[in-house]
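Engineer: Starting from the structure of chain E, add chains Z, W, R, H and B where the hints point.
Chains as they are written, first to last, in UniProt numbering: chain E, 1 to 291; chain Z, 1 to 291; chain W, 1 to 291; chain R, 1 to 291; chain H, 1 to 291; chain B, 1 to 291.
Read the hints as simulated data drawn from the structure, not as lab findings. Treat the hints with care, since some could be wrong.
Treat identical chains as interchangeable: a pair holds within one or across any two.
As the list claims (entries may be wrong) - With a straight-line cut-off of 30 Å between C-alpha atoms, the simulated DSS-like cross-links for lysine-lysine are:
#1 129 - 272
#2 6 - 272
#3 135 - 98
#4 170 - 272
Number of protein chains: 6
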Amino acid sequence: MANKLKLGIPKGSLQDATLALFERAGWRIFANGRSYFPTIDDVEIECMLVRAQEMARYVEHGALDAGLTGNDWVLENQSDVERITSLTYSKQSRQTVKWVLAVPEDSPYYKPEDLAGKIIATELVEFSKRYFASKNIPVTVEFSWGATEVKPPTLADAIVEVTETGSSLKANRLRIIEVLMESETQLIANKTAYADAWKREKINNISLMLNAAIAAQGRVGLLLNVATGLLDAVTAELPALSSPTVSQLSNGEGFALSTILDERVVREVIPKLKAAGATGIVEYPLSKVVL
Amino acid sequence: MANKLKLGIPKGSLQDATLALFERAGWRIFANGRSYFPTIDDVEIECMLVRAQEMARYVEHGALDAGLTGNDWVLENQSDVERITSLTYSKQSRQTVKWVLAVPEDSPYYKPEDLAGKIIATELVEFSKRYFASKNIPVTVEFSWGATEVKPPTLADAIVEVTETGSSLKANRLRIIEVLMESETQLIANKTAYADAWKREKINNISLMLNAAIAAQGRVGLLLNVATGLLDAVTAELPALSSPTVSQLSNGEGFALSTILDERVVREVIPKLKAAGATGIVEYPLSKVVL
Amino acid sequence: MANKLKLGIPKGSLQDATLALFERAGWRIFANGRSYFPTIDDVEIECMLVRAQEMARYVEHGALDAGLTGNDWVLENQSDVERITSLTYSKQSRQTVKWVLAVPEDSPYYKPEDLAGKIIATELVEFSKRYFASKNIPVTVEFSWGATEVKPPTLADAIVEVTETGSSLKANRLRIIEVLMESETQLIANKTAYADAWKREKINNISLMLNAAIAAQGRVGLLLNVATGLLDAVTAELPALSSPTVSQLSNGEGFALSTILDERVVREVIPKLKAAGATGIVEYPLSKVVL
Amino acid sequence: MANKLKLGIPKGSLQDATLALFERAGWRIFANGRSYFPTIDDVEIECMLVRAQEMARYVEHGALDAGLTGNDWVLENQSDVERITSLTYSKQSRQTVKWVLAVPEDSPYYKPEDLAGKIIATELVEFSKRYFASKNIPVTVEFSWGATEVKPPTLADAIVEVTETGSSLKANRLRIIEVLMESETQLIANKTAYADAWKREKINNISLMLNAAIAAQGRVGLLLNVATGLLDAVTAELPALSSPTVSQLSNGEGFALSTILDERVVREVIPKLKAAGATGIVEYPLSKVVL
Amino acid sequence: MANKLKLGIPKGSLQDATLALFERAGWRIFANGRSYFPTIDDVEIECMLVRAQEMARYVEHGALDAGLTGNDWVLENQSDVERITSLTYSKQSRQTVKWVLAVPEDSPYYKPEDLAGKIIATELVEFSKRYFASKNIPVTVEFSWGATEVKPPTLADAIVEVTETGSSLKANRLRIIEVLMESETQLIANKTAYADAWKREKINNISLMLNAAIAAQGRVGLLLNVATGLLDAVTAELPALSSPTVSQLSNGEGFALSTILDERVVREVIPKLKAAGATGIVEYPLSKVVL
Amino acid sequence: MANKLKLGIPKGSLQDATLALFERAGWRIFANGRSYFPTIDDVEIECMLVRAQEMARYVEHGALDAGLTGNDWVLENQSDVERITSLTYSKQSRQTVKWVLAVPEDSPYYKPEDLAGKIIATELVEFSKRYFASKNIPVTVEFSWGATEVKPPTLADAIVEVTETGSSLKANRLRIIEVLMESETQLIANKTAYADAWKREKINNISLMLNAAIAAQGRVGLLLNVATGLLDAVTAELPALSSPTVSQLSNGEGFALSTILDERVVREVIPKLKAAGATGIVEYPLSKVVL
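Looking at chain E on its own, in the form it has when it is part of the complex (with noise of 0.2 Å):
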């Protein structure tokens, strides 16, 4: 029989980004409507829709052999699971996600230890449990199923919540008093599935696929004529780490430059590469990198 590599696609707010990040490193993943079985263009592949939250507890269990989930879900389940790479890629912003402990602004408590005997509602009770005994502070956790920030104060004295900009937080007047974990998303893989050879391979190309997505999505190419005599002061225009590929130009009057910018410089670096004397400055879309 052929080998399979059965493969967890997290379900839910991160699902469209999850496809998006698949399909450009190179893999076509098409979610039929309401089926948990969604097909793929790769005959090696085994594709799931699995939620967040649960993914980590099936892909020790292995059911999975290698899956998409936040590193706080891992924490929460204790999950003993390979983790592979870090990926970044979350549609809006980029950035981590945190867990805090947040209470209401205008509540008397200020630290952990102000909580004891009081109500926490969460989302990510057993981690909870476990910082608050670690502190040796007596709380009753609350299992939340959802919309945890509107609890406090009529429902919950305080809440550990997920927040990436804080921006809900605030909406609901609820102040943070701690940050308990900052997350982001990894691709684990089950300890056996990972020691198989076939397995393995397939699991790092795809690790190595993924994150060549993930920095083409900043990056930007620049290419750009520059005459014999302005070659250094052009260059250093250039972020120190560009190391431009250089090739003469076979009229012999200078050269071309051709480099990879992280697309946040490019609106202060190519005003000053005008002004060194770089002419015909061209920027185009990359799909993958791979430094």
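Structural biologist: Frame of chain E; chains Z, W, R, H and B shown alone:
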């Protein structure tokens, strides 16, 4: 300070149907975008959107005086609350839901006992544990974050899942082997709140009006004229319990009948009334019925 | 085996209006996504969605016992079916449609005979051929797969096309030179099925209820009070055929009138009734009317 | 030539509510996509969509015989028109709107006089200028093309802005320091047109029917039966002005009552009626009411 | 007068994909709402939207000089046209479609001959008749107005239907017993028009550019650097036909390679290139390719 | 305190196109729902959404340092601002707009002078008044709140209206009798701000990058190989100003050319390049171009 009733409205799949029911019953509730505190046109009520799964917990603790939730979640939480009335107004079907134990169609499991030693995935963890414990069947019950019906056989051996028509189970090739519970929406109240005279009357009035709106939904008003000699023949075609209001016409040539009919029988009753000699048959819609 | 009536529902532009009509008449039909076999809340009926163009063919052959389709397609297919009742419930206008012979505004064609030797594009090929043959006008009739009204003069010389208001013809700068047929929706039945007593009664009841729902759509109920001396003046303002139900008020000071009015005259009648002394004028909506 | 009434319908935020009101009143107006000349099912009326801000200007000049617009814009334009009736049918709230003078929450302005020498942004330029002139407060009034409430303090010192609930002002952290005007929608007529007998009657009939539709919107019909001895107790629970129609039942055992109630009191009245012994209580919807 | 090419664009399911293809090829075509005459940014071309089923007929007659349609409809109409090029750009799959003879899964028909005397429903009436005639199998071929695949067994015994993936046939429980034809989109031309030198060149240029855009769609550009000694090892990992452009770096320490790759092999090639020592691997998107 | 540039973004029809332009130029601006203060990923810039009509007024007064608006509104307000650069990036057409004087098709007005004594409706009141005053034509210019083109002849005699393609004027049967002004979007700056060195450089860099993004939009990158002997023939087919970068291939058998082409000529150039012997022709997209 004025009296206020703290009322929990179920957030999620039942929310729109619930707001529509309250509107038909005489209260307009405005869900303001993402706020969890909808406004209501009754200064004596304060609303909060709460997940059905958590409603009974908060009514029991007194954070809410009353709320609507399924009987299933009252049982899951084993909450000590006052049950005021059952309300069946689910948008699609008006049926009750069932929680069933289901296994893959082609699995070798045919009764609960066959699942000894197996993994059961469900959202109703505590109820399921008590069910299997009461039968002395040792199983592992795992909390499912959703999409429970796609888990067998890969991620679980069996599930305890809610179903209304069974079509989702069938689509996932699952077979029901036991019905664990039937459940319907209920208006529940905090016991202390219900002991307060003002709150008790307010809750009872809400119960009366919600039931009046539900009763109207499946019924219609019927008016018809009948000549003096045909009165008995025509009334004989009306359902036994309909007891029409009969008024004599001022010209003395017959009677005007006014009655309420179950909407489902109208398509059979009207042809018979016409055959029996009724004239001027008119059906009109109702918005509340208190028989 | 239980009796079953096989009923064809027209798929396409009339589908939603037809399902709405059946709902008002007392039958709920659920079109399940892409299925062509909608469910209906009547165990004695089996529905199938069929294109209006093909309905008469399948009713004639007996694959369906009854169905709704336009008279135009009965004629196009020259189907030998029982015509039960005409039903005008088209969502926008309640008008009948016309099939017309149309030519470009600035063409030299003014009567059918002018088109001898020309190309006619139409969806109604057989009917059009018979029409021109009956007049001994030699033309080429070509089947048009749609967008017939944009074909002249580039792709055809004239068209036979359906129109309700003529606005699409006008927008395409076409001129009507002859009305070939007026058509409206009909309930038709297979002749053998209609000879069966059970099916005949079932079809007749459906016909009665559909007509009751259509009759209600353009009518409203009117209640009003009138003092004893003004009864004649007030009733004189009611349309001739409305024959109100008159009940004496228990206080002996006048009468309560109840009647049914055509919705289109209400805006003229109410001001006159008020001027004649009627009080407490109330209009309420109707859902079925069998006069 | 036939008589025609040229009627202006307010384009924009009130348009859908106005078309719905006319439909309930008995006239169907069809807005044909982007056309400004909607069709109406009354050959005696010709409609035109006109911005509320310009309506009074065109009614005054006679380009329109009548139209619906806010009183605010009549005053802004100081138009000399006939005011026929006020109409409060705004879809959301049925309230009137207010034009207020508002300043940033944390500004040092607390009364109009504090704004001497400042910049006021508003859509209601002329009215605002007259207001400040009448108080001898020198200010600069600038026309605002929209989003007026975000201008202070960056782009203006204060604003004159319309508000219904005040929520938009609050969201922009503005404080109301004066209410300049309350305004509601009015049916206005050109004075010459209103002097013409035919047009006057037509306008008055439209006014009567629009009011009949508005009156029905907040009311419902109520039917109930009451045993002979309980008639007084039951009627005592009805609002003072409801004066029910009482008919004796033909079996002599009681009365049938029919009345109209304000929708807002139904939820309080029905429980009391039931407690007083009423049976067969039925509420039905109304579409027009002329008391 | 200037030269003009009359070009038919297929209306319907292929329309959006065709407009997108032309845009990638260098022509912007604007479909103006409901107009059948889209504008194009090339004064030498005049476009018309025509149903694929009718395209070949109008190209043959000369109403159009060229057009895009499926080979199936050229065969159905037996049109005498010039076939310029095949184009496979269907949005979903890039596959060709098949017209198949299909019967109910559980029917007793297993080869075309089994259908003697039966009813065949299809949109491709003439082609199907010729097919069965060529095999001397007597059948009745009926024109189907759509939804052909739901007709067996109720409304037809078998169908001739188009399919891309077979999923719709499977969903309707049909079994394929014969593939009658494979078909793909073609650019076709009127024979007289194609004999004209100007039109011939214009059509050929369109053909070249459409193919250039299609060729680019499944390919990407790849840049990479390689140290002098590793050139052979790295190029050995490139697909045989890719023939990279190799330029010496100006610092003399290696080479820059530029090549075009089939998008489907990138995910396998990049890991191998990296393993072979390539650095600075960059993939960028292409919009046209003429090899 | 850090330097900040206050930048106005035009709200309304140009908003999305402007945000897209800034994104292509290197700045991400996030419009947060209804907020008028979008965030931008550059700590040196503070954005505000302002109507194009008011932009010049606020830039002139210094509430904003710079902003984008049409030249028409700079002229209407006669604002004294620095004009930095013209930017034509309108989503649909890249054309400039025109303000025209238009009258009903069948009116007797053929030149501005014919409108003496008439009513002109327009959004551009001050500019129009100055235009007619400069020609000594006495007219009444009325402010139009929108839908200006439907006003003649009922509500105005002529209009001064903006048009891009003239299609809306044609649809309303209006005839242009004079073009009053051509206008395009401009980046404008407050004169005091532009005198500040830091703000001047920041504004100039924004101008450079916006122009780089606009320049890229209508251009593409082209790569091709050419054998040694064909270099002249191939380069002869390139547009005069394209000056390709020519690199010798490492195998000595020819050259690799890289150039930038205007997107509109590609469909003509590629067929000629191929005919001249170019191979491996590849077009790729660009995101910025500074020539």
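Engineer: All hints are to be evaluated individually against the structure, with a verdict given for each.
Structural biologist: Hint by hint, here is what the structure shows:
1. For a Cα distance limit of 30 Å, the shortest separation of residue 129 from residue 272 qualifies neither inside one copy, at 54 Å, nor across copies, at 47 Å.
2. In this assembly of identical chains, residue 6 and residue 272 lie within 30 Å of each other by CA distance solely across copies; the values are 23 Å between and 50 Å within a copy.
3. In the homo-oligomer, the alpha carbons of residue 135 and residue 98 lie at most 30 Å apart inside one protomer (20 Å), although the nearest pairing across protomers, at 44 Å, exceeds that limit.
4. In the homo-oligomer, the alpha carbons of residue 170 and residue 272 never lie at most 30 Å apart, since the shortest distance is 40 Å inside one protomer and 46 Å across protomers.
The structure is inconsistent with the numbered hints 1, 4, although it conforms to all the rest.
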